[in-house]
Amino acid sequence: MFTEIVYKPLFNLIVYLHNLAPQHDFGVVIIVLALLVRAIFYPMTKKMLDVQRKMSKIQPDVKRIQQQHKNNKQEQGQQLMALYKEHKVNPMSGCLPLLVQLPIMVGLYQILRKDILSQSDLLYPFMQIIGEPNYTFLGIIDLTAPSLFLALAAGLTQYFSMQTSGIPISTKKEDRFSFQNQMRYISPVLTFFISMKLSSGLAFFLAMTNGFTILQQVFNNYQSKKHEQRNA
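Those letters in the sequence shown? Residues 62 to 293, by our numbering.
Think of the hints as simulated: they come from the structure by calculation, not from any bench. Accuracy of the hints is not assured; some may be wrong.
[Said to hold, decoys possible] Computed cross-link-like contacts, DSS-like style, restricted to lysine-lysine with a CA-CA straight-line distance of at most 30 angstroms:
hint : residue 1 : residue 2
1    : K149      : K124
2    : K258      : K69
3    : K149      : K258
4    : K108      : K124
5    : K131      : K115
6    : K149      : K287
7    : K108      : K118
8    : K118      : K286
9    : K286      : K258
10   : K108      : K149
11   : K107      : K286
12   : K146      : K287
13   : K134      : K115
14   : K149      : K131
15   : K107      : K287
16   : K131      : K107
17   : K118      : K149
18   : K146      : K134
19   : K107      : K146
20   : K124      : K107
21   : K124      : K286
22   : K134      : K258
23   : K69       : K107
24   : K107      : K149
25   : K146      : K118
26   : K115      : K149
27   : K146      : K124
28   : K124      : K134
Sequences are here, hints too, so could you generate the full structure?
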């Protein structure tokens, strides 16, 4: 099922982009693919950021309810659900974009592990591979081997992506070691070390995806501020 729903369509899209790319440069393919992924998932990403922003604003109320009803989990749950309903927040909706994008990451990883010519049996009848794939981006970076430079780029762009999310960072002493605050620093480090173990093609995809995400978030933050100013 994974092959038919995710892997095969993704593989054929990559082949199509490969056929169009100048000198069949796979780096160009990855850049265009990252741009397409961010464009397709932008509405979901925007919704996720809006949910996270609202959750940050009502966090003091969440903690108050948790403290008041710490000995009555049923009442605590009911009060939290009422709070989420009042502010029109669904905490689980923020996870959806990540869950949807995960299969794409897994599919891309598997595709980049092997030469596309060796996977021609996955082509749709109307598709064909034109020319020899060039896995050296701009004649400099081998996208089939791990790269320290691209792993660093993936980690740094992940860090800046989390910093530009528009979600306020709590400066309170009790929140210093909260999960949300710690993930701003743990996630980029994990991205770096994982990227070091993978082909640099996937690290390049992560870096480009994060880069486009940063641009989307800057635009989204600008739109949110304008909306707040109009309603002030």
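So, going through the hints one by one against the coordinates:
Annotation: proposed proximity of K149 to K124 holds, straight-line Cα distance about 18 angstroms (limit 30 angstroms). A threshold of 30 angstroms between alpha carbons decides the hint, and for K258 with K69 the separation of about 25 angstroms falls inside it, so the pair holds. Between K149 and K258, the direct Cα distance comes to roughly 41 angstroms. Violation of the 30 angstroms bound is thereby established for this hinted pair. For the proposed pair K108 and K124, the alpha carbon gap of about 23 angstroms is at most 30 angstroms, so the pair holds.
The straight-line distance between the Cα atoms of K131 and K115 is roughly 23 angstroms, inside the 30 angstroms bound, and the hint therefore holds. Simply put, K149 and K287 have alpha-carbon atoms about 21 angstroms apart, close enough for the 30 angstroms limit, and the pair holds. Proximity of K108 to K118 is assessed by CA-CA distance (about 15 angstroms); at most 30 angstroms being required, the pair is judged to hold. About 15 angstroms separates the Cα atoms of K118 and K286, which keeps this hinted pair within 30 angstroms; it holds.
Distance check on the hinted pair: K286 and K258 sit about 40 angstroms apart at the alpha-carbon level, beyond 30 angstroms; violated. Proximity of K108 to K149 is assessed by CA-CA distance (about 12 angstroms); at most 30 angstroms being required, the pair is judged to hold. A C-alpha spacing of about 14 angstroms is found between K107 and K286, which places the hinted pair at or below 30 angstroms, so the restraint holds. Only pairs whose Cα atoms come within 30 angstroms are accepted, and K146 paired with K287 is accepted, the gap being roughly 25 angstroms.
Among the hinted pairs, K134 with K115 is consistent with the structure: their alpha-carbon atoms are about 23 angstroms apart, no more than 30 angstroms. Distance hint between K149 and K131 is fulfilled; the C-alpha atoms sit about 24 angstroms from each other, no more than 30 angstroms. Proposed proximity of K107 and K287 is supported: the alpha carbons are some 15 angstroms apart, at most 30 angstroms. Simply put, K131 and K107 have alpha-carbon atoms about 33 angstroms apart, too far for the 30 angstroms limit, and the pair is violated.
For the given pair, K118 sits about 12 angstroms from K149 by alpha-carbon distance, which is consistent with the 30 angstroms threshold. For the hint pairing K146 with K134, the CA-to-CA distance comes to about 18 angstroms; that is within 30 angstroms, so the pair holds. Taking the CA atoms of K107 and K146, the gap is about 20 angstroms. The hint holds against a cut of 30 angstroms. A hinted pair counts as satisfied when its Cα atoms are at most 30 angstroms apart, and K124 with K107 qualifies at roughly 25 angstroms.
Between the alpha carbons of K124 and K286 the distance comes to roughly 26 angstroms, so the proposed pair stays at or under 30 angstroms and holds. This hinted pair does not check out: K134 and K258 have alpha carbons roughly 43 angstroms apart, beyond 30 angstroms. Taking the CA atoms of K69 and K107, the gap is about 28 angstroms. The hint holds against a cut of 30 angstroms. For the given pair, K107 sits about 15 angstroms from K149 by alpha-carbon distance, which is consistent with the 30 angstroms threshold.
Among the hinted pairs, K146 with K118 is consistent with the structure: their alpha-carbon atoms are about 14 angstroms apart, no more than 30 angstroms. Only pairs whose Cα atoms come within 30 angstroms are accepted, and K115 paired with K149 is accepted, the gap being roughly 9 angstroms. At roughly 16 angstroms between alpha-carbon atoms, K146 and K124 fall within 30 angstroms of each other, so this suggested pair holds. Straight-line distance between C-alpha atoms of K124 and K134 comes to about 13 angstroms, which keeps the hinted pair within the 30 angstroms bound.
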